[in-house]
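Using the sequences and the hints, build the whole thing.
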Amino acid sequence: MSEQIHTRACREFTRAQVLREAAARAGNGLPLIEPGMPLPAGSGLSRRSFLLRGGAFMLTLYGALNYNPLRLSDAIAQAAAGPPDPVLVSVFLDGGADSLSVLAPVEDATYRRLRPTLALSPDIGTPFGDDTRLRWNPAADGLRILHEEGKLAVAPSIGYTPADQSHFTSRHYWEVGDTDPRLQTGWLGRYLDAVGAPDNPLQGLSVDYSLSPALAPSKVPVAALANPRSYRFGHRNVWGEVDEAMIDAIERMGQASQGSRDNGLRTAADASAQSMKLRRQLLPFATEEDNAPPGIASPVTYPKDEDFGEQLQFVAAMLAIGLPLRCVAIRAAGGYDTHDQQRESFDKDLKSAADCLLAFQRDLEARGLADRVLVHIWSEFGRRPEENGSNGCDHGAAGMAMVMGSRVRRQLLGEFTGVDVLDEDDNMRPSMDFRALHGAILDQWFNFDAARVIPKVRSYNLPAILN
Amino acid sequence: MARRSSPLPTYRGHFGNAQAERLLWRAGFGPRPGEADKLARMGLKRAVRQMMKPRGKSRLVGPAPVLEDNTPLTPYDQWGHDHLWWFDRMVRTTNPLQERMTLVWHDWFATSNDGVGSQRLMLQQNALFRRLATGSFLSLLLEVTHNPATLVWLSGNENTKDAPNENYGREVMELFTLGAGAHYTEHDVREQARALTGWTNGWGDQGYENFHFDPKLHDNGRKRIFKQSGRFDWRDTCRLCVHHRDHPNFFVKKLWSYFIPTPVSGRTLSGLKRLYVKSGFKSGPVIQAILMHPAMYQGPRMVKPPIVHSAGLLRMRGVGIATQSWTWISELTGQRLFFPPNVAGWDDDAWLDTGTFRARWLAARESWEPDILDPGDDPTLARYENAEAPDAAVAAALAFWGNPTIGKTTLNVLNEFAQRCDSEADRDWKKAPYRVMRQNALRSLIAACPDMQTC
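Each protein sequence line maps, in turn, to chains A and B. Under my numbering, the first sequence has 156 at position 156, and the numbering climbs by one with no breaks. Under my numbering, the second sequence has 1159 at position 159, and the numbering climbs by one with no breaks.
Treat the hints with care, since some could be wrong.
[Unchecked claim] What the simulated footprint calls covered on chain A by chain B, stretch by stretch (three residues with Cβ under 8 Å from a Cβ of chain B suffice, anywhere in the stretch; the number is not a length):
(1) 213-227
(2) 244-251
(3) 265-275
[As the list claims (entries may be wrong)] Residues from chain B that keep clear of chain A, each with C-beta distances beyond 12 Å, as calculated:
(4) Leu1008
(5) Gly1034
(6) Arg1055
(7) Gln1124
(8) Thr1200
(9) Gly1204
(10) Asn1210
(11) Gly1284
(12) Lys1304
(13) Gly1320
(14) Pro1375
(15) Asp1378
(16) Arg1420
(17) Ala1425
(18) Cys1455
Derived by calculation from the structure, the hints in this document are not laboratory data. Fair warning: this is a prediction, and the values are worked out from it, not measured in the lab. We treat Cβ as the ideally placed atom computed from N, Cα and C, and that holds for glycine.
Written out as structure tokens, the structure is:
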């Protein structure tokens, strides 16, 4: 939940948000292992071998990080043993980003009339190759560059009908992959339920303080983590071998009660064991920056002082050292619920987001990972073409989504529906349903039957998104 | 009376320390030193009565908060002090059930300062929850309905006859009194909104002020709610909801779920519903019956809400708040007071994940931070100069926490850990400092173990 929505914009605490929160928590206590899952008893983690393994882990990981990530643990070894999984990074522009200020129909008289203070000047910005009625906002230059390189495809008018103008409802729809307020699992969560492992929380990772509802599964564990560097369990005045033994004891206390028939005790035990497993997975990040092991430091420079950039950088680094990520969810820089004084925040936020995304793509390219990663950029809706009286725009309907990556096919996804013919609430009409893009990602990127995740997905025309 | 309708079942098994601890944790914030013993000696009936109605006036005992900068708490003003102020009451109250029910009502009528933007209004609402902690639910609902924080939070102050706002009209039924489902229609929602019109406020230097009912803003027309019609107003909204035939069912099940993690049986449910209606919609008698119920002591453990776990760690040792860090630690554990995630309150089935578990470890550590032993300090080392058997080290750490009940499985892990520390101390210079560190680690391991996270 962004501060943005609560403070600057509408306090729309409706039941829809209750449902959204519920969706985020589906799976009964994310990201715990589901009750009924067998103990990791057969996995050979007896105390002795565990210690050996623990010791070996520290040594091999730091010594030969780039070459042998397989020692991390059995689960990771298994995940890494097959061909590397394709990775989707879902980037959410929180608040309803104004698509008409990313790609603007600058020459359109209606647009200029509807946006007396906010219309982009026709003198600046670069024409958008896929539809020359539109020009890129210079703040989105990072995206423009990727588009010109053929690594970004834009859906300029994407949404659904009838449009819901509640942040929470609309966001919920996008997250669960259907216009069903009751659905309690995310579309990526359901995908992970089908293909994920019962013991790898990193397969679905929210780079945030709480889990992205899009990742909410019903079976498999997933994780939320704001900063992998800070996932530590140290203790003042406990160090050396006692510290190591203490860390092991936290995990052992969990493992020892994971078989308990007492549901409450087992829940706490699962959290304990699962957390310590995640801690081990993230150990490479827990060192001081100077002696960070190879693979952590990025070969490219990200925009300074930008959480979003740092989070993307972590994702690239995690992939570089072989951590088994499959679906990642991140909120982009900025807050896009621009009810007032849009100019003051929007361009700055857009620029931060676009620059960070460009840096991420360059990072992946430099690390040789670019073919494995697809980025899905989306927002819960666009904004109303007619600006309001406070130099901002209210909630709209159709907005913008994009897919980014080296394998993306350069083309327009749907078409720009324009501002001359609007829907009955004077909002933009969609030319593509958001589920069509979700479906294309599942079908083509994950090579997974989208119909197993998104109901009635075959009733939409799925665009070809890859080369 | 000739015949009492089937009496509610009462727990008849052994009532020892483990049961007394469970009672204290679920109905309060855990035992103060010696308190579990004392309650166990009383037996179930007197123990529950003691929880319901502690002797003497409710007061705060033990050390008052001391913050890093030695400034007093200013709960209306400074960021985080609202949280610390209430957290302190949880730690020091002599009436833990009253404070726990205040927390229950805060969750039930979940209002977040995220939307209210005034610590003063939030604390006024908090006082209301405390005052009616075990009293009439109808009175509570009436007061909540026109409480300033609620009005701001659920748009009650923007609900006028010309521009009705359905926010509170919906939530009062869906979340506060009846539950989602077939108990009301969308038409009822719109009509409730009309009945609730009329509350408004002024603006002053301090922000909101002068919350009042303005008859000019109230829709005075006839409304039809639950198939009854009349010129209903906000009082009628509350009355109609509480008198709705599906309300006792919702009320009892929801209240039960705060104390017992397994569903209430049909027979008990009917008994509790009757008790609730007969008492004139009071929560106290229902709470008392729940605390006496066999399911309270025989069923599985419950994950403690994070604020209960944290407050309890301080109560167990009779120490006070020594740092402002509790505000952000609680935030990380997933329960920053006055900031429930949304109007449905916290999700009691989802307290623990990889993020909040780490935060609970931080809380465990922070709860005794001022007393952490220093292995570089000579007098401390001198105390640990002599060999200490592993089980003696574990026993000392348990005694530090007042000997809470910890299961065998966890005790075995603690003992293994204590042994391993001995074998790691393979040089003379290591022996004493390792014993000191072992004691540090054991204390925090106990505070964070699965047994301590649950009750």
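Comparing the hints with the structure gives:
1. 213-227: holds (count 4)
2. 244-251: Coverage by chain B holds here, the residue count being 5 at a Cβ distance below 8 Å.
3. 265-275: holds (count 9)
4. Leu1008: It holds; leucine 1008 (chain B) is separated from chain A by about 24 Å at its closest Cβ, greater than 12 Å.
5. Gly1034: The claim stands: glycine 1034 (chain B) keeps its Cβ more than 12 Å from every Cβ of chain A (closest is about 26 Å).
6. Arg1055: With a cut-off of 12 Å, arginine 1055 (chain B) remains clear of chain A, as the shortest Cβ separation is near 32 Å.
7. Gln1124: holds, 19 Å
8. Thr1200: Given that every Cβ of chain A is farther than 12 Å from that of threonine 1200 (chain B), nearest at about 17 Å, it holds.
9. Gly1204: Correct as stated: the minimum Cβ-Cβ distance to chain A is 20 Å, above 12 Å.
10. Asn1210: holds, 21 Å
11. Gly1284: Correct as stated: the minimum Cβ-Cβ distance to chain A is 26 Å, above 12 Å.
12. Lys1304: violated, 9 Å
13. Gly1320: holds, 20 Å
14. Pro1375: violated, 6 Å
15. Asp1378: The assertion about aspartate 1378 (chain B) holds, with a minimum of 14 Å to chain A.
16. Arg1420: violated, 5 Å
17. Ala1425: At roughly 8 Å from the nearest Cβ of chain A, alanine 1425 (chain B) sits no farther out than 12 Å, so the non-interface label is violated.
18. Cys1455: violated, 8 Å
In summary, the structure is inconsistent with hints 12, 14, 16, 17, 18 from the numbered list given earlier, while agreeing with the others.
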